[in-house]
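Protein chains: 2
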Amino acid sequence: MSADRSSRVRAIYEVETSFPLEDAIAVMAGEQSSGTFLAVPGETPELKQKYGARIEWIREVGTRDAPSLPGARTPKGLAQPVWRRAQTELSWPIDNLGASVPNLLATVAGNLFELQQFSALRLLDITLPDCFRAAYPGPQFGVGGTRRLSGVETGPLIGTIVKPSVGLSPEQTASLVDELAAGGIDFVKDDELQCDGPHCPFSDRVEAVMRVIRNHAERTGKKVMYAFNVTGEIEQMVRRHDLVEKQGGTCVMVSLNSVGLAGVEYLRRHCRLPIHAHRNGWGLMQRSPDIGIDYVAFQKFWRLLGVDHMHVNGLRNKFCESDESVLRSARACLTPMFDGAGRGCEVMPVFSSGQTVRQAPDTWRELGSADLIYAAGGGLMAHPGGVAAGVRAMRQAWEAAMSGTDLETHARSHGELRQALEKYSA
Amino acid sequence: MSADRSSRVRAIYEVETSFPLEDAIAVMAGEQSSGTFLAVPGETPELKQKYGARIEWIREVGTRDAPSLPGARTPKGLAQPVWRRAQTELSWPIDNLGASVPNLLATVAGNLFELQQFSALRLLDITLPDCFRAAYPGPQFGVGGTRRLSGVETGPLIGTIVKPSVGLSPEQTASLVDELAAGGIDFVKDDELQCDGPHCPFSDRVEAVMRVIRNHAERTGKKVMYAFNVTGEIEQMVRRHDLVEKQGGTCVMVSLNSVGLAGVEYLRRHCRLPIHAHRNGWGLMQRSPDIGIDYVAFQKFWRLLGVDHMHVNGLRNKFCESDESVLRSARACLTPMFDGAGRGCEVMPVFSSGQTVRQAPDTWRELGSADLIYAAGGGLMAHPGGVAAGVRAMRQAWEAAMSGTDLETHARSHGELRQALEKYSA
Numbered sequence: 048m049s050a051d052r053s054s055r056v057r058a059i060y061e062v063e064t065s066f067p068l069e070d071a072i073a074v075m076a077g078e079q080s081s082g083t084f085l086a087v088p089g090e091t092p093e094l095k096q097k098y099g100a101r102i103e104w105i106r107e108v109g110t111r112d113a114p115s116l117p118g119a120r121t122p123k124g125l126a127q128p129v130w131r132r133a134q135t136e137l138s139w140p141i142d143n144l145g146a147s148v149p150n151l152l153a154t155v156a157g158n159l160f161e162l163q164q165f166s167a168l169r170l171l172d173i174t175l176p177d178c179f180r181a182a183y184p185g186p187q188f189g190v191g192g193t194r195r196l197s198g199v200e201t202g203p204l205i206g207t208i209v210k211p212s213v214g215l216s217p218e219q220t221a222s223l224v225d226e227l228a229a230g231g232i233d234f235v236k237d238d239e240l241q242c243d244g245p246h247c248p249f250s251d252r253v254e255a256v257m258r259v260i261r262n263h264a265e266r267t268g269k270k271v272m273y274a275f276n277v278t279g280e281i282e283q284m285v286r287r288h289d290l291v292e293k294q295g296g297t298c299v300m301v302s303l304n305s306v307g308l309a310g311v312e313y314l315r316r317h318c319r320l321p322i323h324a325h326r327n328g329w330g331l332m333q334r335s336p337d338i339g340i341d342y343v344a345f346q347k348f349w350r351l352l353g354v355d356h357m358h359v360n361g362l363r364n365k366f367c368e369s370d371e372s373v374l375r376s377a378r379a380c381l382t383p384m385f386d387g388a389g390r391g392c393e394v395m396p397v398f399s400s401g402q403t404v405r406q407a408p409d410t411w412r413e414l415g416s417a418d419l420i421y422a423a424g425g426g427l428m429a430h431p432g433g434v435a436a437g438v439r440a441m442r443q444a445w446e447a448a449m450s451g452t453d454l455e456t457h458a459r460s461h462g463e464l465r466q467a468l469e470k471y472s473a
Numbered sequence: 048m049s050a051d052r053s054s055r056v057r058a059i060y061e062v063e064t065s066f067p068l069e070d071a072i073a074v075m076a077g078e079q080s081s082g083t084f085l086a087v088p089g090e091t092p093e094l095k096q097k098y099g100a101r102i103e104w105i106r107e108v109g110t111r112d113a114p115s116l117p118g119a120r121t122p123k124g125l126a127q128p129v130w131r132r133a134q135t136e137l138s139w140p141i142d143n144l145g146a147s148v149p150n151l152l153a154t155v156a157g158n159l160f161e162l163q164q165f166s167a168l169r170l171l172d173i174t175l176p177d178c179f180r181a182a183y184p185g186p187q188f189g190v191g192g193t194r195r196l197s198g199v200e201t202g203p204l205i206g207t208i209v210k211p212s213v214g215l216s217p218e219q220t221a222s223l224v225d226e227l228a229a230g231g232i233d234f235v236k237d238d239e240l241q242c243d244g245p246h247c248p249f250s251d252r253v254e255a256v257m258r259v260i261r262n263h264a265e266r267t268g269k270k271v272m273y274a275f276n277v278t279g280e281i282e283q284m285v286r287r288h289d290l291v292e293k294q295g296g297t298c299v300m301v302s303l304n305s306v307g308l309a310g311v312e313y314l315r316r317h318c319r320l321p322i323h324a325h326r327n328g329w330g331l332m333q334r335s336p337d338i339g340i341d342y343v344a345f346q347k348f349w350r351l352l353g354v355d356h357m358h359v360n361g362l363r364n365k366f367c368e369s370d371e372s373v374l375r376s377a378r379a380c381l382t383p384m385f386d387g388a389g390r391g392c393e394v395m396p397v398f399s400s401g402q403t404v405r406q407a408p409d410t411w412r413e414l415g416s417a418d419l420i421y422a423a424g425g426g427l428m429a430h431p432g433g434v435a436a437g438v439r440a441m442r443q444a445w446e447a448a449m450s451g452t453d454l455e456t457h458a459r460s461h462g463e464l465r466q467a468l469e470k471y472s473a
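Heads up: the sequence lines are chains A and B, in that order. Heads up, the first sequence is in the working numbering, so the first residue is 48 and it goes up one at a time. Heads up, the second sequence is in the working numbering, so the first residue is 48 and it goes up one at a time.
DSS-like, lysine-lysine: derived pairs with alpha carbons at most 27 Å apart:
id, chain 1, residue 1, chain 2, residue 2
1, A, K365, A, K470
2, A, K269, A, K293
3, B, K365, A, K95
4, A, K365, B, K97
5, A, K123, B, K365
Beta-carbon label-pair distances, calculated as ranges:
id, chain 1, residue 1, chain 2, residue 2, range
6, A, P336, B, K293, 46 to 54 Å
7, B, G124, A, A473, 15 to 23 Å
8, A, T201, B, V108, 50 to 58 Å
9, A, S222, B, K293, 49 to 57 Å
10, A, D386, B, R378, 44 to 52 Å
11, A, V129, B, P88, 52 to 60 Å
12, B, G295, A, R258, 49 to 57 Å
13, B, G198, A, P336, 43 to 51 Å
14, B, G191, A, R258, 46 to 54 Å
15, A, V285, B, T452, 53 to 61 Å
If you're looking for bench data, these hints aren't it; they were derived computationally from the structure. Note that beta-carbon positions come from the ideal geometry of N, C-alpha and C, so glycine has one too.
I would like the entire structure built from these sequences, with the hints used as guidance.
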């Protein structure tokens, strides 16, 4: 890799424009670096050469008869405009911004979504020079640390989410966790709507839940990992983290989009527990094919800052996302984000939303890894044999998947799996 | 106002669905409060009544022949689905979340954009109970403090942005500021791409620029307000703020989406200078009419945290945004965000992008206020008489606008305005 390549930030976009592709993309490169709408005296050829964003390549991928988004201009005097769809890679010298994640976002995903040249513009991926790896800690626990703390050596962590999302008191929450822990669950999380409301104060919930978890751990030697939602202001998050740690807890959860890059970075520097990263609000970036940020780019920001688990939705989920998109996200989480030796900042993908025993084989086959959290609500708690049977059925499904046995065959000798297959039809 | 109304968070959305409106919106309300996909044992009618989100009203606003976004389901067995567009208001009891801005975002703009029932979903506005006003400081300087620090008693602050955005050294930046200050400018800002890159380190830039600004202030008694971009990690922002203050600076700038809610909240608590809030990346939320967050809702989060200036684009701007949208944003910034007596958290709107003397009359007439920053690049620096003439022309244009004189008439006795009208054709 050349020194030039290794010292540039790169970003891939999909765009749509009725202008000549090179012209429109040159505007985008200019706007995000040395240029502006009007030529200004200081913008010398030498300055542009050294600090301007560079177009690495452009690849046309299709055309549209009409603009995908409103508001875009068309070239003057063009009677029948055609909207060309293209992917392109831009790059920036690190001299412009330094190894700063917040400034990286302003550079690769700042004032460009509104450019009049484009009727679609999505950020697809980013590639960062090694100085970013040196500047940020990355995940503190990742897969290995999460397995160690949860005592799950192989296979996915079988998890669930406290439901109803809101409305349970701390004692009611603890009572549900008691049942889940007795059932052998590996992982439980707060809903992202539950944090520190007057009806279920954070500290009361932590104390009630951890009492239950510690009791089970003393009896069985296995400590359920509970991701307490610490989302809030900086000092609140720090205080909440410290309380979880003091009470023997092993995980904190944070809503990434609610806290933001600087907040998550601060939490990570302070944190002595795995950070379970919730992506709620991400649909805003992903839902339209014409505007936003793909998860493949999105997750890199947070991994570099140092979260340990990231939500990726699940196969045949109850939301709008396709299986193809879910798998691309999960594979991204497990793929090193830097070339060569050194930390790759891999994180544990969290599968959830409508998950039952049914998706285990496909998830395993497509991902080729069980380094994940497999979270189910109804798919576990509504098992006819109760929560414990629900957890056992999930483990049996994953044993079957990982050994290449089909679920029906495995179910012949595993009653809980058989019951689950009857309950949760394909 | 009833106690119930005053203790609930409210949010207005525009949605599109092929399901019966009430059914689809009930799913949204459930998903964002006590409900989940499957009924769970703990979700009692009493719990739903107390903690469930409530549908306040639904108003159909139109229909579509095809779904605006991909991924939505249609009701089973419906041969010819119609996609209904509606506005709706949901409300939540404060008991669920408490007066927490990050948790507010997860509640009103969390896991709902991906719901399969909807082929469009935008958050339009929010209304918060008074406990939020008590919990957050709001703007520290706002209009009055900004006028005091900049010495501009009436009319807009005439401002500009350092260009080229990147590539100038600290000394080159200071030299440009020298020319601007000599020309009588009120306000200058870093470009959002310029923060602390190796080529133009933050501390060197602050020292070089403030030396120039202090020199002019000693001579003229007027200190140019320069918004230094402090965007970064928490401790970096604090350090940078302290340096600006120590050097006699009067403003810091932050990229809201790069730093996030928790980071901006922390900066505000620490800050002793006005916070100039840059919204870059906001196009991602606004560009599509079918997904995202309207600026009217967006700006309330940041105003409550306590920023002082907020970017709103400008009339006849060079981006995609319509004048109607720009004006709605600017009016929102100047409108109190709570009912009744007490702080309204008003902030100063910042107009920019393609602004010249030409937009002053319409901006004044439509907004009915000159409590704003009017920032121009080429529209000021490219004045044939130079920067000083450019600044004078802008002031003359605003004098004309505010006195109800048309620009052409005022230009007869004001040479710089006349030159500007010749240079910047309508």
